Amino acid sequence: MIESCKADFPILDTKMNGHPLVYLDSAATTQKPVQVLDAMDDFYRTANANVHRGAYAIAADATDRFEAARAKIATFVNAGSPNEVVFQRGTTSAINTIAYGWGLYRLKEGDSIVLTGMEHHANIVPWQLICKFTGAQLRYLPMADDFTVDTSDIESTIDETTKIVGCSAMSNVLGTIGPVAEVVEAAKAFGAIVVADGAQSVPHMPTDVQELGVDFLAFGAHKMLGPTGVGALWGRPDRLEEMEPAEGGGEMIRDVKLYESRWASVPHKFEAGTPAIAEAIGFGAAVDYLSDLGMEAVRDHEIELTRYALDRLKEIPELKVYGPDDTAKRGGAVSFTLSDIHPHDMATILDELGIAVRAGHHCAKPLMETIGVPATARASFYVYNTAADVDSLVNGLHKAREVFGVS
Amino acid sequence: MSVEELYREVILDHYRKPRHSGEVADADVTVEGVNPSCGDELFLSLRYEGDTVADAAITGSGCSISQASASMMTDAIIGKTVAEVDELLGVFKKMMTITEGDAGLDPDRPGAVLGDIEALQGVSKFPVRIKCADLAWTALEDALSQR
Numbered sequence: 001m002i003e004s005c006k007a008d009f010p011i012l013d014t015k016m017n018g019h020p021l022v023y024l025d026s027a028a029t030t031q032k033p034v035q036v037l038d039a040m041d042d043f044y045r046t047a048n049a050n051v052h053r054g055a056y057a058i059a060a061d062a063t064d065r066f067e068a069a070r071a072k073i074a075t076f077v078n079a080g081s082p083n084e085v086v087f088q089r090g091t092t093s094a095i096n097t098i099a100y101g102w103g104l105y106r107l108k109e110g111d112s113i114v115l116t117g118m119e120h121h122a123n124i125v126p127w128q129l130i131c132k133f134t135g136a137q138l139r140y141l142p143m144a145d146d147f148t149v150d151t152s153d154i155e156s157t158i159d160e161t162t163k164i165v166g167c168s169a170m171s172n173v174l175g176t177i178g179p180v181a182e183v184v185e186a187a188k189a190f191g192a193i194v195v196a197d198g199a200q201s202v203p204h205m206p207t208d209v210q211e212l213g214v215d216f217l218a219f220g221a222h223k224m225l226g227p228t229g230v231g232a233l234w235g236r237p238d239r240l241e242e243m244e245p246a247e248g249g250g251e252m253i254r255d256v257k258l259y260e261s262r263w264a265s266v267p268h269k270f271e272a273g274t275p276a277i278a279e280a281i282g283f284g285a286a287v288d289y290l291s292d293l294g295m296e297a298v299r300d301h302e303i304e305l306t307r308y309a310l311d312r313l314k315e316i317p318e319l320k321v322y323g324p325d326d327t328a329k330r331g332g333a334v335s336f337t338l339s340d341i342h343p344h345d346m347a348t349i350l351d352e353l354g355i356a357v358r359a360g361h362h363c364a365k366p367l368m369e370t371i372g373v374p375a376t377a378r379a380s381f382y383v384y385n386t387a388a389d390v391d392s393l394v395n396g397l398h399k400a401r402e403v404f405g406v407s
Numbered sequence: 001m002s003v004e005e006l007y008r009e010v011i012l013d014h015y016r017k018p019r020h021s022g023e024v025a026d027a028d029v030t031v032e033g034v035n036p037s038c039g040d041e042l043f044l045s046l047r048y049e050g051d052t053v054a055d056a057a058i059t060g061s062g063c064s065i066s067q068a069s070a071s072m073m074t075d076a077i078i079g080k081t082v083a084e085v086d087e088l089l090g091v092f093k094k095m096m097t098i099t100e101g102d103a104g105l106d107p108d109r110p111g112a113v114l115g116d117i118e119a120l121q122g123v124s125k126f127p128v129r130i131k132c133a134d135l136a137w138t139a140l141e142d143a144l145s146q147r
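Chains as they are written, first to last, in this note's numbering: chain A, 1 to 407; chain B, 1 to 147.
If we strip away everything but chain A, and leave its shape as in the complex, we get:
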């Protein structure tokens, strides 16, 4: 397990409702280490200028820091070049960029888009919008009873009509690792592109885009110790070349005339307007922090903590976990229900004890419908969590049973 790094996270020293904060909502957003806060603060204090246009020293410094962050992120996911990394506002905007820059131009009536049954709304709704514009249709790979994606019919679901396959690399509700390799194999047979939603996987396990074999991978900084407002779209170089910009404006052009324009080269043609510069620099610092810990160590830490949590939760009568029990098949987001205590009520009782968990549908309503509950409570772990945090959660859940008179 990772030696406790809590000291690097100032917020973990604060109290919530009079109790030391036990933060178990990293699948929603993670806390930020002082190294990330300092990188952003230092940028604003010493180098704040717009990027790629100033003719003075601090503007060059700003551009250097911004582009250095891009290179760090490229290395982090083993991209072939920093130019394969496009800065976006987050995972959602990255997927929308593909939908509007690739899907909108290439799909037509009769085509299909295939998604898995455990996608976040961010990898469902953009494709519904594209279907509305193009007449293409959505299909789904269903869920199996063991909370994994059922790929037994993958060869009939993905066929010659399929142009795009979207696949969560790790579910934000179940923790389940997605069947990316199988999807890639099936999609390649028909020349369909694969869009992997890496919002939960990239922060929690080693990622090698060359090994994954996908065409696009979307992920956000704030779920991996970085700031909100910035994320990355990794794309295969040929896919990025053939993709149209989804947004137009400054920064993304080579030349503009009154009636037509030419685009800047990749990745800049997808980065219209002034980017989130300080945030991108913070993203780079977050990647440095995770690289120092080592992503294998991060994954091992979470496997150990998730195993401990799953076992301790079994001690609680009438508690049901929604997700695989095998830690090799899952990440550290643990969804559960407890007797007839509604997840929002559980979250309120835990909140009073200083414990932060998420309750609700986790922006995955179709999946919630499949697993047959309108809401779950979700505890999710990251590098700063410890077994003591799990113990606090278990004690809090016993308190919830008491308040609700569940014997």
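Simulated from the structure, these hints should not be mistaken for laboratory data. Note that the coordinates shown come from a computational prediction; the quantities given were computed from them, not determined experimentally. We treat Cβ as the ideally placed atom computed from N, Cα and C, and that holds for glycine. Any given hint could turn out to be false.
To be verified - Across the chosen pairs, the derived CB separations fall in these ranges: (1) 394/A - 90/B: 24 to 32 Å; (2) 147/B - 129/A: 51 to 59 Å; (3) 128/B - 274/A: 28 to 36 Å; (4) 128/B - 129/A: 29 to 37 Å; (5) 388/A - 37/B: 48 to 56 Å; (6) 36/B - 82/A: 37 to 45 Å; (7) 237/A - 145/B: 54 to 62 Å.
Starting from the known structure of chain A, arrange chain B on it as the hints suggest.
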């Protein structure tokens, strides 16, 4: 305020045994109430006889606060005139946002006129949960506005 005070017996009772669960036969109006951020949803149906709410019922799913609030509300409005229901709605809203010296309500016991519903007053101390208590009442407001 402690969670024990929030989750009073009467609230848990209404949560577990909702009083007017289902749909009103021959309803004059059915409205939907949704909190998209948390996923709680309900349908409120009403039947009028003249100016009186003759019957009311709720279906849906949600947390103990939203469900108990809905159950208590149906109990409270059946048999009341539309004008009386409107007044009740106003008192409930004030109870949820009570500030000292608010017109017409006892700042110490703003919900005194509400009976069982007064038990929901504790919710106003948990700002993120007020929308749960409000759900059924917002649907009621919607239903009345369609009259």
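Here is how each hint holds up against the structure:
At about 44 Å, the CB distance of residue 394/A to residue 90/B disagrees with the hint of 24 to 32 Å. A C-beta distance of roughly 37 Å is found between residue 147/B and residue 129/A, which places it outside the suggested range of 51 to 59 Å. At about 34 Å, the beta-carbon gap between residue 128/B and residue 274/A stays in the expected band of 28 to 36 Å. In this structure the hint that residue 128/B and residue 129/A lie 29 to 37 Å apart at CB holds, the actual value being about 31 Å.
Checked against the given bound of 48 to 56 Å, the beta carbons of residue 388/A and residue 37/B, roughly 31 Å apart, lie outside it. For the hinted restraint 37 to 45 Å between residue 36/B and residue 82/A, the CB-CB distance of approximately 39 Å keeps it satisfied. Here the CB-CB span from residue 237/A to residue 145/B is close to 57 Å, well matched to the stated 54 to 62 Å.
Of the numbered hints stated above, those contradicted by the structure are hints 1, 2 and 5, listed in ascending order.
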